[in-house]
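A.B. asks: Residues 123 to 399 (our numbering) make up the sequence shown, in order.
Honestly, the hints are just simulated from the structure, not real lab data. Among the hints, erroneous ones may be present.
[As the list claims (entries may be wrong)] Using C-beta positions, here's what the derived DEER-type ranges look like:
#1 Lys314 with Ala199: 17 to 27 Å
#2 Lys392 with Ala195: 31 to 41 Å
#3 Asp349 with Ala199: 39 to 49 Å
#4 Asp234 with Gly338: 17 to 27 Å
#5 Ala360 with Glu204: 36 to 46 Å
[Claimed, not checked] Quick list of in silico lysine to aspartate or glutamate cross-link-like pairs, EDC-like style, CA-CA up to 16 Å:
#6 Lys392 with Asp346
#7 Lys290 with Glu188
#8 Lys248 with Glu188
#9 Lys290 with Glu330
#10 Lys385 with Glu330
#11 Lys319 with Asp346
#12 Lys385 with Asp370
#13 Lys298 with Asp194
#14 Lys348 with Asp310
#15 Lys210 with Glu188
Backbone N, C-alpha and C define an ideal beta-carbon position, used for all residues, glycine too.
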Amino acid sequence: MIFSLIKKKVFQVEILKIYLDSSAMAKRKRTPAATSEGPKDARLLPQKRFYRQRAHANPFSDHSLEYPPNPDAFNIAKLYPEYADSGKRPEFADIGCGFGGLLIALAPLFPDTLILGVEIRVQVTKYVQDRIAALRLTEKSAKGPAPTPETGRGPYQNVACIRGNAMKFLPNYMQKGQLSKLFFLFPDPHFKARKHKARIISPTLLAEYAYVLRPGGIIYTITDVKDLHEWMVEHLEAFPLFERVGEDELRNEGHGPVLDAVKTATEEGKKEVKLLP
123 MIFSLIKKKV FQVEILKIYL DSSAMAKRKR TPAATSEGPK DARLLPQKRF
173 YRQRAHANPF SDHSLEYPPN PDAFNIAKLY PEYADSGKRP EFADIGCGFG
223 GLLIALAPLF PDTLILGVEI RVQVTKYVQD RIAALRLTEK SAKGPAPTPE
273 TGRGPYQNVA CIRGNAMKFL PNYMQKGQLS KLFFLFPDPH FKARKHKARI
323 ISPTLLAEYA YVLRPGGIIY TITDVKDLHE WMVEHLEAFP LFERVGEDEL
373 RNEGHGPVLD AVKTATEEGK KEVKLLP
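Use the sequences and the hints to build the structure in full.
C.D. replies: See below:
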């Protein structure tokens with residue numbers, strides 16, 4: 123059902139749950155322990171084995187995070203040095219960006235749009251930052267674009283990652299109506315009922331997302347957990363400022379490349395694609 127006063131859109135994807143054979147999983151050998159140090163040569167792409175980290179982090183724990191008191195104090199020039207004098211601010215935000223797959227996929231698609239990843243885990247954040255730094259130093263990577271005529275800037279100058287807790291501090295970074303796209307890809311499902319308050323989609327948080335999204339802005343969600351999918355659908359449809367939008371409509375509006383990246387660019391998405399028959 124669509125209401126005329128609704129100003130923002132939601133796109134949701136549910137990937138069918140794939141149950142792995144537990145006996146086969148048990149036979150897999152553990153990888154050797156690795157240090158948390160990244161590559162000494164910044165021009166080399168970092169390897170994940172040097173950035174060991176738990177799968178999830180408790181968003182309610184005291185992580186001693188640094189954050190700006192308001193969006194005007196957010197040092198954007200430090201993250202996007204080639205855009206320091208442009209006056210631009212991030213328009214896309216990937217919340218819980220993981221290892222940065224979506225960021226890297228979107229960078230060449232939107233070469234003059236600033237894209238920000240927010241990740242709460244220390245080592246994962248460091249990995250993404252090192253990955254972006256290495257790609258920026260590469261004049262032309264195997265998959266990356268050359269400097270674009272429209273921007274005159276090198277590849278991946280428009281993406282960055284910060285360590286932060288979006289559930290607590292998103293309005294400290296984003297102005298009202300700043301974002302056109304918000305991504306929540308394969309978020310922590312928090313299976314236990316007492317943990318549902320920690321889910322990234324909730325009535326309180328939706329109010330904040332509506333605040334930082336501009337009219338017509340889009341939230342993209344994807345999960346391989348049916349219960350979480352239904353939870354997100356229920357809460358997003360109940361929120362008066364959002365309407366659900368279909369994939370065909372978005373593709374007709376030119377969002378097809380973004381949808382493809384949402385489905386396949388992340389680590390979790392790649393695993394699901396490999397497992398699909």
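A.B. asks: Would the pair lysine 348 and aspartate 310 pass a check requiring their Cα atoms to be no farther apart than 16 Å?
C.D. replies: Holds, at about 13 Å.
A.B. asks: CA of lysine 298 to CA of aspartate 194, is that 16 Å or under?
C.D. replies: The hint holds at about 12 Å.
A.B. asks: Between the alpha carbons of lysine 385 and aspartate 370, is the straight-line distance 16 Å or under?
C.D. replies: holds (15 Å)
A.B. asks: Need the status of pair lysine 290, glutamate 330: alpha-carbon distance at most 16 Å?
C.D. replies: holds (10 Å)
A.B. asks: Go ahead and decide if the range 17 to 27 Å is satisfied by the Cβ distance of lysine 314 to alanine 199.
C.D. replies: Because 42 Å falls outside the window, the suggested range is violated.
A.B. asks: Hinted pair, alpha-carbon criterion (16 Å max): lysine 290, glutamate 188. Please report holds or violated.
C.D. replies: holds (12 Å)
A.B. asks: Given the hint that lysine 392 pairs with aspartate 346, does the C-alpha gap stay at or below 16 Å?
C.D. replies: Given that 16 Å is the threshold and the Cα spacing comes to 12 Å, the pair holds.
A.B. asks: Just to be sure I understand the hint, the distance between the Cβ atoms of alanine 360 and glutamate 204 should be within 36 to 46 Å; is that true here?
C.D. replies: Check passed, 42 Å falls within 36 to 46 Å.
A.B. asks: Given a hinted range of 39 to 49 Å, is it respected by the beta-carbon distance of aspartate 349 and alanine 199?
C.D. replies: Holds, at about 42 Å.
A.B. asks: Sort out whether glutamate 188 lies within 16 Å of lysine 248, counting only the CA atoms.
C.D. replies: Roughly 15 Å between the alpha carbons, so the hint for lysine 248 and glutamate 188 holds.
A.B. asks: So the hint says 17 to 27 Å: do the beta-carbon atoms of aspartate 234 and glycine 338 match that?
C.D. replies: Hint holds: Cβ distance 19 Å, inside 17 to 27 Å.
A.B. asks: Is the Cα-Cα distance between lysine 385 and glutamate 330 16 Å or less?
C.D. replies: violated (25 Å)
Checked against the numbered hints listed earlier, the structure breaks hints 1, 10, 11, 15; every other hint is satisfied.
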